[in-house]
Structures are given as C-alpha cells and as structure tokens.
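Engineer: Dock chain B against the given chain A, drawing on the hints supplied.
Protein chains in written order, with the working numbering: chain A, 1 to 82; chain B, 83 to 434.
The hints are simulated quantities; they were obtained by calculation from the structure and are not laboratory data.
Remember, it's a predicted structure, so these values are computed and weren't measured experimentally.
One should not assume that every hint holds.
[Stated by the list, open to error] Straight-line C-alpha distance at most 27 Å; calculated DSSO-like pairs for lysine-lysine:
| id | chain 1 | residue 1 | chain 2 | residue 2 |
| --- | --- | --- | --- | --- |
| 1 | B | Lys234 | B | Lys412 |
| 2 | A | Lys46 | A | Lys80 |
| 3 | B | Lys433 | A | Lys46 |
| 4 | B | Lys159 | A | Lys80 |
| 5 | A | Lys46 | B | Lys113 |
| 6 | B | Lys160 | A | Lys80 |
| 7 | B | Lys163 | A | Lys80 |
| 8 | A | Lys22 | B | Lys431 |
| 9 | B | Lys234 | A | Lys80 |
| 10 | B | Lys113 | B | Lys225 |
| 11 | B | Lys237 | A | Lys80 |
| 12 | A | Lys22 | B | Lys412 |
| 13 | A | Lys22 | B | Lys225 |
| 14 | B | Lys113 | B | Lys159 |
| 15 | B | Lys225 | B | Lys87 |
| 16 | A | Lys46 | B | Lys87 |
| 17 | B | Lys159 | B | Lys87 |
| 18 | B | Lys307 | A | Lys22 |
| 19 | B | Lys159 | B | Lys89 |
| 20 | B | Lys234 | B | Lys159 |
| 21 | B | Lys113 | B | Lys412 |
| 22 | A | Lys46 | B | Lys234 |
| 23 | A | Lys46 | B | Lys159 |
| 24 | A | Lys46 | B | Lys412 |
| 25 | B | Lys234 | B | Lys160 |
| 26 | A | Lys22 | A | Lys46 |
| 27 | A | Lys80 | B | Lys433 |
| 28 | A | Lys46 | B | Lys89 |
| 29 | A | Lys46 | B | Lys307 |
| 30 | B | Lys237 | B | Lys160 |
| 31 | A | Lys46 | B | Lys163 |
[What the hints assert, rightly or not] A few chain A positions that, by computed beta-carbon distances, are all more than 12 Å from chain B:
| id | residue |
| --- | --- |
| 32 | Phe8 |
| 33 | Lys22 |
| 34 | Ala50 |
| 35 | Thr51 |
| 36 | Gly55 |
| 37 | Glu59 |
For each residue, glycine too, the CB sits at the ideal point set by N, CA and C.
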Amino acid sequence: MNTYIATFFSHYGAIQFRSHAKSVGFSCTLMPVPRSLSSSCGTCAKYEYATWDTGFMDEALEGIYLLDSQNSFELMFQTKDI
Amino acid sequence: MIVTKEKRNLILAGSATGLIAVLLVFFGNPKNMGFCIACFIRDTAGALSLHSASVVQYARPEIIGLLLGSMMISIIKKEFKPRGGSSPLLRFVFSFFVMIGALVFLGCPFRLILRLAGGDLNALVALFGFISGIIGGSILLSKGFSLGRSYKQSKAEGSMMGVVALALLAILIFIPSLLKFSEKGPGSLHAPVALALAGGLIVGILAQRTRFCMAGGIRDVFLFKDSTLLLGSVMVFVVALILNLFTGNFVLGFAGQPVAHTDWLWNFLGMGLVGYGSVLLGGCPLRQTILAGEGSSDSAMSVLGMLVGAAFAHNFGLASSTSGATLYGKIAVIIGFVIISAIVFVQLKNKK
Chain A
1 MNTYIATFFS
11 HYGAIQFRSH
21 AKSVGFSCTL
31 MPVPRSLSSS
41 CGTCAKYEYA
51 TWDTGFMDEA
61 LEGIYLLDSQ
71 NSFELMFQTK
81 DI
Chain B
83 MIVTKEKRNL
93 ILAGSATGLI
103 AVLLVFFGNP
113 KNMGFCIACF
123 IRDTAGALSL
133 HSASVVQYAR
143 PEIIGLLLGS
153 MMISIIKKEF
163 KPRGGSSPLL
173 RFVFSFFVMI
183 GALVFLGCPF
193 RLILRLAGGD
203 LNALVALFGF
213 ISGIIGGSIL
223 LSKGFSLGRS
233 YKQSKAEGSM
243 MGVVALALLA
253 ILIFIPSLLK
263 FSEKGPGSLH
273 APVALALAGG
283 LIVGILAQRT
293 RFCMAGGIRD
303 VFLFKDSTLL
313 LGSVMVFVVA
323 LILNLFTGNF
333 VLGFAGQPVA
343 HTDWLWNFLG
353 MGLVGYGSVL
363 LGGCPLRQTI
373 LAGEGSSDSA
383 MSVLGMLVGA
393 AFAHNFGLAS
403 STSGATLYGK
413 IAVIIGFVII
423 SAIVFVQLKN
433 KK
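Just chain B, same shape as in the assembly:
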C-alpha cells in the first residue's frame, strides 16, 4: 500500500528530525533552535556581512548540509531535475516577505514546532496565525492563482545552489577570516561544525525523500483532507517534546522563553504572513531549501529572497527582539500582506 509506506516514512523521518533538532541544541545551538531555516539563513546573511547585527552572524553548516544532502540524494535517486522559470522574481518577493514575517515572530515553521515542543505558548498563538495564512493562501490557489509552470533548465543552472553551498563550506573551514562570527547572542551559540553539517545532511536527505513540509502538511489537510504530509511535523513535535521533557528543557509559559517575545498579535500576524506566502510559493522555507538542492532554480530564488529579506530585516530594524516587535517590523508585515495580495489579485483578474 503506497499511502501506508509514505506515512511510515514520514513518521520515521519526522522522528529522526525531532531527535536531531534536540541533539543540536544539546551540543550548542540556541534553545528551541536545533533547526530554524529563517534564523539560520539570517545568521548566514550576517556572516557574509549582508547585515551588521553582531549577535546573529554565523555561517550555519545546517543550511549548507540541507542543500547538499538534498542534492546528493536526489542525484543518487535520479530525482535531480534542473527546472525553473515559474515567476522567479515573484518568488523572490514572496520569499522576502516570508522572511520578514518569520523574523517578526522569531522563527520559521520548523522553529515554531520546536518552540511549541519546548513549552513556548507564544508559538501556539503563532501556529493559529500560520494555519490562518495557509487557509487564506489555499483558498486563493483554489480560485486559480498560480505562479506558472516550471521548465527544464541546464544542469549548470540546477546545480548552482549546491556549488554556492560547497563554496560557503570551503570558506567556513579554510578561510573563516572572510566571515563574521558573533561573539555573543544566538549567533555565538552553535553545535560543532561537523555535527551541524551532519545534522543538515541527514535532515536534507530525509526531507527530500519524504517531501517533508510544514506548510504543505496543513495545506493538504485543508484542500484534500489528507493528513499524510502533516505526520512529519507532528512527529518532530512529539519526539522533541518527549526529549525536552526528559532533559528538563520543557518550560511551559509565555514569558521568558528563549529567543522569543510575547507580542501575541505580531506573533500571529508574522507567522500568518509566513503561512500565506509559503502556501502560494508551494512550500515552507525548509521545503524551498530542499527543492533548491533538488535542482529547482525557482526555489533557489526563494532562498535568495529569504537571504536578502533577512539582511533587510536587520539593516532596517524590522526583526523583533526578545522585547517585542518593532514599529517598522509591524509596518513591513502589513506591507507584505498588501503586496502579496495585490500580486495575487492582479494575476487572478488577468486570468478571467
């Protein structure tokens, strides 16, 4: 039975991913941040001096591992398909705002699950926002919104993101003086490079094999009443929760949570924007990273959109801090909703 095998694989992959996320925190990553695609792309932007927030600068090997893991396994399994041309610049813009929303909440959907598993109730508020955003986006998909189909591209185009990841890894290992490294704050907290890279590689492989996606899981439940994909996220939560309970890292409450704020409205809206943008893009930040490794230059544009979004978020004071969302961050989230909606409605109108 095909569906059962798919579910079994997602349960195993989700469980392994939850375990790796908790292990990475045990070995040095910030709390409830074993994985966070938004935070790690933001840290990488800082390491490359694309922004100057000194507490969030580190070329995270997890991101490099995710890209390379996905690329390697897709080549081995003959699923590496260079393709692109599905509204690349619109994907860049959507992803830019997905990153803004994530940095107003302080985490991508992956970290949302890990924050929930750590007892952070602010993430529960954000989860409602995330679900609302996904439902809103799914309705627009059902009404006919599309970024258009992708087309076959050259191998050079499809493999370029992997080359960039390899180059960044080489710089991190052999010429680290080119990069910035936080001396304090979340950017200074990290697992050893080899472990972080291994964690990224394994999760990259698992996510490619199972199509693991936080936004897609909820979208499939809403559009098709199919909970297969959601199982992966549920298992990450369950395993991380159990391990947090055993290791004393579970602290239930709103206040004083690690790298989090209690500004509930902006936790809701920030993650709402992430859900809205992600479902229109066809996947959460993790999924975009995996697809970029698989040869999708459209998803590579998403990763670049998130990288630039992260740089803007810190250069222009849009990212939240533990004391809450900033005025500019709030304005940017609203602008994000307006711009994405305007693009969608113009597209839908042109189709009629």
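Only chain A is shown next, with the shape it has when bound in the complex:
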C-alpha cells in the first residue's frame, strides 16, 4: 500500500474524490495542498492505495503524487490542461 496526494482544480473536486474513496473503500483525508506542490491554496486528498490510479476520472483532477518515506513527492499523473 502506498500513500498518494491528489491535487484538484477546485475544492469540490476534492470532495468528489473523497466520495469516490468512500464508495471504493480506501482511506482518504482532505488537507491543504503542501506548498512544495502548488502555489495555489486549494485542497488536496491524501490517500492509501496500491497504485495511484483509483479509477477516479474527473476534469477537476489536476495531479497525483507518490509520497515516499522521506516525505518527498514523485509525480505520477498530471492533467495536460495546466
């Protein structure tokens, strides 16, 4: 199980992701986006899953990062439209 951070274009996108996590059944916490990931002050979702792809497809999804044991981020997915 890995820890990922998903960033979104809107707070609503993060809420939708949380609902998705609930229906699929994996743990997910909403929190402010870490500064090192974005200069926006939006909401991100920290979640535990085997791979970054949880089957969530929404235009509000901006990017997904793998959080490693040194607390650094590795980009897994980024939407083309940014």
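Structural biologist: Quick look at chain B alone, frame taken from chain A:
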C-alpha cells in the same frame, strides 16, 4: 519536514509583513493602515476619479507593488500560470460585495489584524463576524459549492493585471496630473512613494511564496484542523502589537480609534460578509491581489470587482464614516448576503 518548513516560512513572512505595516504608518500611512487592501483599492478608485469622495483619493503604490511583486517572483520561480474561466462574473459580484462589507467595517481582513494590534476593540467584534462568515462559507464549500475549475489562458491574459499596475505606476510618477490626490483625510496620509512601493513589492513576494491568506488561515483550521496558514496572520498581529506598544501607538478601547466606528452590529456583519464572500472566492482581498499577479484572470476579476465595489460604496453613500454605518450601507450588506447566498443555493440545487 515539509510542514515545518512551511510554518517557519509563514512565521518569518508574517513577522516581516507586520514590521513593514508598522513602518509604513511611521512614514506616513494612516494609523492602523500600514496595509489595507480594501482601503487602498478604494483610494486608487478615487485617484482614477471612479468616485468623488475627496478624502480618499490616492493611487496607492502598495497595491501596485503587491501585484508586481507577486508577478515577478512567480515568473522567477516558474509559478506564473495564466489561468481563468472559473465563473469570472460571479467572482466579480462576490468581490463587489466583499468590498462593500469591508467599507462598512472600514478595513479588509489585513487591516482588521492591524486594528486589533493597535488596540481597536471594534476590530475584535469584527473578527467574530469574519470568523462566522468563514465558517458559514466553509460549510457551503463542504456541501459542494464550487465556482468551477480554471483553465489555461494565454500569457497576455495572465500578465494584463501586471501591465495595468505598471501603467498606473508610470502615470503616478510621470503624469500625476491625471490622478486625483486627497488634500485632507486618510487619502492625504501616505508614506513616500518609493517606500510604499518597496513595502508592497516585499509583501507581494512574501505572500506569493507563503500563500499568506487571512481567510484561508481560518478556513483551514475549520475544515482541516490545520493551523499552518493561520500562523502568518498571527505573526502579523504579534509583531505589529509589540511595535505599537513600543512606539506608543497602542490605545486599547472602542471609542476614538483611527478610521473606525463603534457600530458593533455593522462591524460584525460587514466583516461577516467579507469572510463569507472571501472563503467562497478562495481567498481574502490580499490573496486575490497576489493571485492576480500570479496570472489568475479570475482573481484579476476579483480585484476589478473590488475596485468597482469601492466606487459604488462612495458614490452611493454605502461606506461608513467614523460616525458609523449608513442606512444604505446596512441595506447593501444585507443585499450582499442575500445575493451571494441565492447564487450559492441555486448552484447547489442544480448540482443535485
């Protein structure tokens, strides 16, 4: 540790911002108004003859500095991202009413902190209103309210606010006869242009780097139990308070405070409207200004909404004076709550 570094940066940036705010008052800005985004946009609207209140007309270099500082540092750090299209006209309307609320209270959230640090207890009442507004707005965000996502825009679109700021600076320096300058009142009190511009540039850079936001700080505590962003505001308060105590600018009380009134209900509701609108917009007036510099045309619309709101506030007698809130100002605050709430509830209903 990422969080610790973020907190450290916010503590440093908040402290520096508090210091600069007190210095700007020392060098000429009105008391407890080292920075006030609402007041300064209002003064700038006056300088451009968008309203004719002769005591609040001055093209504040601090606003120009904030926009340019944010733009420069975001370009250097490769964070300048032209984007927009997230309900621009709704953002204009929300920001219009944020400005009305701020001018009924007589200050934006930034000045609220500085007024508190100067001992102005009316600001404490307003703080409760601000927090209430933020909680109300945060609940609606949690229920699914959204202004929609933003999209990539052209560089021309993203940099236009910076161009406007540069043009205003050029006019202020080279052809000031085009602008109005207050001869008395708060608009006549100001630090020298170079200092005010430098103060704006530094705070613009710091706020861009740290995402400093008064409304966001309280929102994060309420939504996520995360106090990181709030640290910036707390440090502005602490540093400004200490410096005010040392320089004799701390006067505790309700009555006789500089550019303030004691109409507690309207201090509460005015700032309540600011909190409510700001959290739905995703940031306080300072944050909107910084994001506009970073290339967000949505936030540029917010700045323009505030500019027009300020002009309306003075052209139609909505802004308060030191003797209190006006009848029209009170009505406008209520209309602001009703219109913003109506937009939110229609959006939420359409989502179901």
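Engineer: Against this structure, judge whether each hint is valid.
Structural biologist: Hints, one by one, checked against the model:
Annotation: proposed proximity of Lys234 (chain B) to Lys412 (chain B) is violated, straight-line Cα distance about 39 Å (limit 27 Å). For the hint linking Lys46 (chain A) to Lys80 (chain A), the alpha-carbon distance of about 22 Å falls within 27 Å, and the restraint holds. Distance restraint check for Lys433 (chain B) and Lys46 (chain A): the Cα-Cα separation of roughly 25 Å lies within the 27 Å cut-off, and the hinted pair is therefore satisfied. A threshold of 27 Å between alpha carbons decides the hint, and for Lys159 (chain B) with Lys80 (chain A) the separation of about 21 Å falls inside it, so the pair holds.
For the hint pairing Lys46 (chain A) with Lys113 (chain B), the CA-to-CA distance comes to about 44 Å; that exceeds 27 Å, so the pair is violated. For a cut-off of 27 Å, the pair hint linking Lys160 (chain B) to Lys80 (chain A) stands: about 17 Å separates their Cα positions. Taken as a hint, the Lys163 (chain B) and Lys80 (chain A) pair is honoured in the structure, with Cα atoms around 14 Å apart against an allowance of 27 Å. Our distance criterion of 27 Å between C-alpha atoms is met by Lys22 (chain A) and Lys431 (chain B), whose separation comes to about 23 Å.
At most 27 Å may separate the alpha-carbon atoms for a hinted pair to count; Lys234 (chain B) and Lys80 (chain A) meet this at roughly 10 Å. Under the criterion of a C-alpha separation no larger than 27 Å, the hint pairing Lys113 (chain B) with Lys225 (chain B) is inconsistent with the structure, at around 40 Å. Our distance criterion of 27 Å between C-alpha atoms is met by Lys237 (chain B) and Lys80 (chain A), whose separation comes to about 17 Å. About 44 Å separates the Cα atoms of Lys22 (chain A) and Lys412 (chain B), which puts this hinted pair outside 27 Å; it is violated.
The hinted pair formed by Lys22 (chain A) and Lys225 (chain B) meets the criterion: a straight-line CA distance of about 16 Å does not exceed 27 Å. Restraint check: the Cα-Cα separation between Lys113 (chain B) and Lys159 (chain B) comes to about 35 Å, which exceeds 27 Å; the hinted pair is violated. A threshold of 27 Å between alpha carbons decides the hint, and for Lys225 (chain B) with Lys87 (chain B) the separation of about 32 Å lies outside it, so the pair is violated. Between Lys46 (chain A) and Lys87 (chain B) the alpha-carbon distance is near 19 Å, which keeps this suggested pair within the 27 Å criterion.
Between Lys159 (chain B) and Lys87 (chain B) the alpha-carbon distance is near 17 Å, which keeps this suggested pair within the 27 Å criterion. This hinted pair checks out: Lys307 (chain B) and Lys22 (chain A) have alpha carbons roughly 21 Å apart, not beyond 27 Å. The suggested pairing of Lys159 (chain B) with Lys89 (chain B) holds, with an alpha-carbon distance near 20 Å, which does not exceed 27 Å. With a C-alpha separation of about 18 Å, the suggested pairing of Lys234 (chain B) with Lys159 (chain B) holds against the 27 Å cut-off.
This hinted pair checks out: Lys113 (chain B) and Lys412 (chain B) have alpha carbons roughly 25 Å apart, not beyond 27 Å. Between Lys46 (chain A) and Lys234 (chain B) the CA atoms are separated by roughly 25 Å; this keeps the pair inside 27 Å, and the hint holds. For a cut-off of 27 Å, the pair hint linking Lys46 (chain A) to Lys159 (chain B) stands: about 26 Å separates their Cα positions. Between Lys46 (chain A) and Lys412 (chain B) the CA atoms are separated by roughly 43 Å; this puts the pair beyond 27 Å, and the hint is violated.
Distance hint between Lys234 (chain B) and Lys160 (chain B) is fulfilled; the C-alpha atoms sit about 15 Å from each other, no more than 27 Å. Using a Cα cut-off of 27 Å, the hinted pair Lys22 (chain A) and Lys46 (chain A) holds, with the two alpha carbons roughly 13 Å apart. A C-alpha spacing of about 26 Å is found between Lys80 (chain A) and Lys433 (chain B), which places the hinted pair at or below 27 Å, so the restraint holds. Proposed proximity of Lys46 (chain A) and Lys89 (chain B) is supported: the alpha carbons are some 19 Å apart, at most 27 Å.
Using a Cα cut-off of 27 Å, the hinted pair Lys46 (chain A) and Lys307 (chain B) holds, with the two alpha carbons roughly 15 Å apart. At roughly 13 Å between alpha-carbon atoms, Lys237 (chain B) and Lys160 (chain B) fall within 27 Å of each other, so this suggested pair holds. Simply put, Lys46 (chain A) and Lys163 (chain B) have alpha-carbon atoms about 24 Å apart, close enough for the 27 Å limit, and the pair holds. Residue-level check failed: Phe8 (chain A) sits 8 Å from the nearest beta carbon of chain B, not beyond 12 Å.
At roughly 14 Å from the closest C-beta of chain B, the C-beta of Lys22 (chain A) stays outside 12 Å, upholding its exclusion from the interface. Listed as a non-interface residue, Ala50 (chain A) keeps its Cβ farther than 12 Å from every Cβ of chain B; the least gap is roughly 24 Å. No Cβ of chain B approaches the Cβ of Thr51 (chain A) within 12 Å, the least distance being about 23 Å, so the stated non-interface status holds. No Cβ of chain B comes within 12 Å of the Cβ of Gly55 (chain A); the nearest lies about 20 Å off, and the non-interface call holds.
Once the 12 Å rule is applied to beta carbons, Glu59 (chain A) is inconsistent with being away from chain B; the minimum gap is 7 Å.
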